[in-house]
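Q: As you go down the protein sequences, you meet chains A and B in turn. Sequential numbering from 1 applies to the first sequence in my numbering. Sequential numbering from 1 applies to the second sequence in my numbering.
Hints should not be assumed to be uniformly reliable.
[As the list claims (entries may be wrong)] DSS-like cross-link-like pairs, simulated, lysine-lysine; straight-line CA separation at most 25 Å: (1) B:Lys-179 x B:Lys-141; (2) B:Lys-186 x B:Lys-165; (3) A:Lys-583 x B:Lys-186; (4) A:Lys-573 x B:Lys-186; (5) B:Lys-77 x A:Lys-658; (6) A:Lys-257 x B:Lys-141; (7) B:Lys-5 x B:Lys-213; (8) A:Lys-583 x B:Lys-77.
Don't read these hints as lab results, they were simulated from the structure.
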Amino acid sequence: MNLTSLIYKNMKGLRYKYVTFLLSSVFSVTIFYLFASFVMHPNVEFGPSVSDTGVQIGLLACEIIIVIFSFFFVWYSSSAFIKSRANEFGLLSTLGASRRQLSKMIFTESVIIGEIAIGLGLLLGTLLLRMFLSAMSLLLQVDSPIEFAIVPEAIVYTFIGYSLLFIFVALINVRGLKKGQIVDLSRQSQKAKKPPAFSWILGLFALLCLSVGYYLAWTTDGRTVLLRILPVIGIVCVGTYFLFSQVSVGFLRSIRKNKGVYYRGLNLLTVGELGFKVQDNARVLSITAILTAVVLTAIGTLNISSQTLVEMREFDYPQALSVTIEGKLEPHELDKIELSLRSEFQSDGVHVQSGAVLPGIMFRGAVWDWDMNVPIPLISEEDFKVWAEQSGAPYVEDVLPGEAVMVGSYPWGDPPHTLCGDLQSRAFEVDYELDEGEISFVVCQSIDVNLLNDPYSWAMVIDSTQMRDLLEVAGPRDYLTLISFELSNWTESSKSVEKIRASLSAQIEDLDFKILDFSSRVSAYQETIQSRSLMLFLAVFVALVFSVGMGSMLHFRLFTDLEEDRSRFASMKRLGVSWGEIKTVITRQAALLFFAPFALGVVHSVFALKALVGTLLSDPIIAEMGLPVLTSKTFRYMAVPIAIFLALQTIYFLISRKAYLDAMRSSEA
Amino acid sequence: MTVLKVQGLSKVYGSEKNSAATWALENINFEVDQGEFLGVMGPSGSGKTTLLNLLASLDKPTTGHIEIAGVDLSKLKDEETAMFRRKNIGFVFQDFNLLYTLSVKENIILPLALDEVRPSDIEKRVSQVAENLGITHILDKRVFEISQGEQQRTAIARAIINRPKVVLADEPTGNLDSKSANGVMKTFSSLNEEYGITILMVTHDPFAASFCKRILFLKDGEIFSELRRSDGRQKFFQQVIDVLSVMGGTFDEPYQLNL
Ligand SMILES: Nc1ncnc2c1ncn2[C@@H]1O[C@H](COP(=O)(O)OP(=O)(O)O)[C@@H](O)[C@H]1O
Ligand SMILES: [Mg+2]
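Isolated chain B, as found in the complex (with noise of 0.2 Å):
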């Protein structure tokens, strides 16, 4: 079953007949079945936080189509936008977007909060997500007092908690240690195949990568080649490293000034 259909994407900044336009994305097709755990990688500025973006419709497509469970997200008004995302979408980011004004718990239950889920079920919910991720001792804790490792996990089970369609993450390791990415990996794995949840992650990272499945890999806004697993990590990742030093460009990430 077909989870995220993506039909003719492009993105435009600026004016389209501006010729200090950039076309961020072109024409991207692409789609995400049920259970699938998908990599999007790609060099710096080729597209990959723009096109989560659009998927996350925190912005609008220039042309295109995006369809999530079925639903046309450019036919959803503001507010539907807000409530569709917050039922069908879960997110990863990069910076973890952990609330410290909250505990690690009231993070985790934030989603189910807002839905109103009856309380005795969000403490069902939360103590079997805690469990799964390996978080249960760590509940209780202000968000400052966790390492980065738990505050990815943390996020990764508020993502889940609301029983997404589908969870998008946006670089999940790119702030984190290799051990600790490590770990955030396996977790989304055995999420993957053990839950059967579906996983679309952006990386620029060769290794996260090797935890997919399945990668497109983006150059310049369009879709440069895709790569399919069929055999260990070791070799995927391999294949991973070959067609990234056949497209060429940087992999650092810019550091970016935050006024």
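The following block holds chain A by itself, in its conformation from the complex (with noise of 0.2 Å):
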């Protein structure tokens, strides 16, 4: 056998590490392109408002994590790659390959290596954003914000970038090597490992940092935020890596001082193995607790925003469709409009909740000190009765001409006193100007319910005689038709409110009269959606990316130690250690390194929330509001991306378990 023919049998069965390396590559390659082109994309400006200032600083933070986190990724694996093949390079020298050949070949198979990778991912990257536009738009049910287009400067950044952190990581690696010997490479797995030291005062340092942040984030709110949050993160970095590094060692201790636990069965396995790998491990766990922890914050994040979102939509829109047309519609026409807007809801499956179409008349006079100036219509108390018994609102008492009941709602807290003053404790008087004269009526009583959506989200309710009267002595403008209907599933109401608009305007031209207002809550609902749809596409792509990401780099993790893990499991065999006791004490150790990391990132990231509620609920405008959702739903929202995440962790678990057990079981053969 010559030399080149080992070397040929040697890399076809270092072919599964080869693929593990270029396949990570390619990862790392296609993730930073993927947001690089979205960064760079012609679609996405900024303008100098404050959300997209955060959404600014939003993709800067992204950007500098993902370009942190390719580095890490590439240089672990590419080193993970380099150790594991220490048997390789020993051979090679053995068989009088010089160093400096052997850095040669190791410069050259990462470089190549990298350049395929950096192809592989400009191509996959490429294919994946044209996915995950499209089918961001299914699921959104909206026009994605970005359109598809291949970004030249992103592939630009990514080569050059990506070129130059290949060559760079491969000269680290060299350099390794020329400083340690090539033996010591080889010798490597029979080197020992120095037991994992243990120090009270860095154990309880690291319980006390995680407890001092976690205080702090637990009370934080609007004013200390700015203040706390760096050094917080800071802590909890620092507590997490000790917590891994130390704590772990030392409960590892403390059970190996309790003997009727450490002496039983595979406990004994478990906990060598898992003491011996402590200090590898504990890198790599705290790096995953801690992206674990920021992505489901980023996600729980979102969640509540978009839950807030949903509910202060139906808090300023009273109705799921509020319009108000100014001109003289005759009753018949006022059914038609009403029945044709039941039976456009009706065949697109939308429910309608309740729904009137009222004559009203609006007089000069009378008006909001608001910003809206808009003077507030009056309605007949026969038209409220109908309306009012349709939508379960409160009963308008029997109304005396000359008296008015004031209703409706104001969105944020009570209506301006100027115009009511105290309804409990006095009556006033509104005054409207007719052609001719002047009319006034003594509010008795005001009664909150959701009429209509701003700006007319106020009417006088008046008897109807004299209601029937004034509808006599109006003029041509005056007159005044509100359509209000409230829908059980608005958000699906989009399409018929489209249509809705369209063929009321065309009737409403026709007739020469004119819409004031016409406002819907789900098109409202949408425009908000859409603009925070960039930011849901980066929280997604950011979340998935880290999910994948840290899944591999516990999978690297495993794996690194494949070689020496499989000279101790042969061991275990040949005292008659069973493959399924083996197969037993991997589970727990891949379990433990798949799922601690998990469950601290989970810790974190509640407290992280709670932080970032108290910031929320310290604002005077939400406070007010006192949005449900920001108090008690909380963590209730955070449930369903947990449980995703989890989902995601457990399919790596046995993927990577999986993939272990066989390469273990193939060795055997």
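Make one complex out of these two single chains by using the hints.
A: Structure representation (structure tokens):
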């Protein structure tokens, strides 16, 4: 057997390692490229508004995290790749390969694999971007905020950046090879690792860091958030690392002291394995825990803010559909409009909870002193009762001529006092100008109902006979028609609302009348969702990336020690430890690797979200709204992302465990 | 009482019909009685390791039967095999086969822990065994902190702590310098003489073999001859050398490439 065929055989045997390294590099390139082509996309532009600045900061943060993450990821996987080939290099040097030759080989190999990875990554990234954009518009039922396009800048940045990165990492690895003896490298597996040291002080320090960080996060509000956010993140990161490196050593030590547990069955083997790897694991475990926390917090924030958004829409828009028309519509025309609206909704499967088309008048006079300067319309008691009955609103007591009941709602608290004063203590008068003369009503009562959307959110209910008289004397521009519908599944009503908007405006224009206001909750909601979908895109994207990244990092951690583990498990096997028992030991280890950082990450994110909620609740407007989502339901909304992440993590765990067991098994034969 | 019984044992590597097949063992028959210290000697490639692997049920014979403590190994299922091995056979390997994730003491008690013996019993037995083997002072050390002779004695302690029916040893002195080898062989010898432990040891080293009470010589997979010790060790050693020179063949273990 000559050297070339030996190397070839060796490479064939190492196929798995090459593929792993290549795939992880491709993964890293793909993410960076996807993100870059998103950030540099021509459709993504930022204005000077506050929310845009927020998005921009978010993007920048994500970009930095991704760059750091991919640097470490590539570095980690390539050094794992080199380390796992220690035996091969040892053999080659035994066969007479000089260190120079080996360095050259490693360098060339890394760079070639790197360039292949860049090519595949760009290809995969383009495919994924395409898929992601269509998936997003499908899921959100809105047009995606950005179109699919190939962004040349992104390709250039990715290509140059990653070429440099791969060369840099290859140089680091070659340098490491030069410093450490190659013989050392090949003996690495037999080299005895020092048992992990334990210090009470560092262990307590870890617990202290976490408690202080948690306490500060839990008690954060709007005033303290900016001051606390960075120190808390720092403290928690430090605490996490020492928790995994120190507290876990301490924990294993205490198990070792408890002979009843330690000397029982496989515990001896498992604890031995864990204790042996704890220092190596600590780094990966703490990084994974922090990343889990970051991702869950990001998703949680987004989830809360979009739920808050839905509630705010219901608050801002008391009616799902509210239209105000100027012009005198005959009773049969009113009926026709109502019927056509109902059948329109029905045909689209939208359920009407209540709906009414009410005639009204709007004399000038009695106006809001709010910024809108819109007069308050008058409607008859008769009509109001019909609507109230349907919508379950409180009934108006008999209204006497000359009296008025003020109905409506004001989203941001009480109506302005300049208009109605304190209704509880005294009645007040409202005056309207007619073409000739004036008419005034004594407002005897105010009822809180959701009648119409802003700006026509209030009306005066007056005696039906008086209303009929006034309708006679009203000028053509005083007539008003108020349409108000509440729908049970309003989020699905956008199609019918758009159809209604078109048909109604055509109808009204034919009559030479005017639509003063047409507002629907669903269009406002969709506008917000659409503008938020950029953030959603980012969050889901970053979350997926991190989730896959963490999964593969843990996978590598498990596989880095494959060679060493193999010989150790072979030793166990020779001692009569059955394959089933070895499987149990491996499964326990892998489970710890995959689920311990996840659990800690969940705890971290709960505290981070508590800080967020504290901050939001100290905002006066949000506090006024008393959004229940922020208080009671916060953590319930977290349950879904946590469950999804747990499911993903379980899948990675099962895959890695199976791959690892297979690799062990194959070495036996 | 017979502890180990081998009948018509053959092992063929590769297909039997294939011309490239290797008959590593061919129709081997022997018995080991309670309290015996049997050595198996033979040049490289004579089938010593193969024999031991079959006895340890790490591999399956092509034909023939192995009975240990009255149990036919071929009748055991896979999981049962591991359990049986753990309970009835103690192993000592050329490369010690210690787990360096564990301390010396933890390595020794591993078989007991796997059998869920009570911790107080474990403590008692480990201190007794360690004292017998003179390794009490290193119990709390890590494996890489002790010498190779001590490592092998740790492995012996682990092999006998479970009170197995028979201890199988594959070249136990193969990786040791002569001084450590002497110590380890004396340990075996005294375990056999004072505690009546049954030992089957494979070796190519005549010095180590001279500690045995009986020696089987293997050549090309067949039993070539048998030697029983009657007088002192020095004389026995000379007899062994004589048989070996009649047999011929190399006694250097081949250099092994472990990839
Ligand atoms: N796994 C195997 N596959 C094929 N042939 C083998 C295998 N193991 C051993 N042999 C062959 O069987 C014979 C006996 O080998 P072995 O039992 O290792 O001898 P010893 O330990 O006495 O040196 C040798 O010819 C060897 O080449
Ligand atoms: Mg051998």
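Q: Within 25 Å, alpha carbon to alpha carbon, are Lys-257 of chain A and Lys-141 of chain B?
A: holds (16 Å)
Q: Please verify whether Lys-179 of chain B and Lys-141 of chain B have alpha carbons no more than 25 Å apart.
A: holds (22 Å)
Q: For the pair supplied as a hint, Lys-186 of chain B and Lys-165 of chain B, is the alpha-carbon distance within the 25 Å limit?
A: holds (20 Å)
Q: Compare the distance between the alpha carbons of Lys-583 of chain A and Lys-77 of chain B with 25 Å, and conclude whether the hinted pair is satisfied.
A: Roughly 18 Å between the alpha carbons, so the hint for Lys-583 of chain A and Lys-77 of chain B holds.
Q: Between Lys-77 of chain B and Lys-658 of chain A, does the CA-CA distance stay at or below 25 Å?
A: holds (24 Å)
Q: So if I understand the rule, the pair passes when the alpha-carbon distance is 25 Å or less; does Lys-573 of chain A with Lys-186 of chain B pass?
A: violated (28 Å)
Q: When you check the alpha-carbon spacing of Lys-5 of chain B and Lys-213 of chain B, does it fall within 25 Å?
A: At roughly 18 Å apart (the allowed maximum being 25 Å), Lys-213 of chain B and Lys-5 of chain B satisfy the hint.
Q: Are Lys-583 of chain A and Lys-186 of chain B close enough, with their CA atoms no more than 25 Å apart?
A: violated (38 Å)
Violated hints, in rising order: 3 and 4; the structure is consistent with all others.
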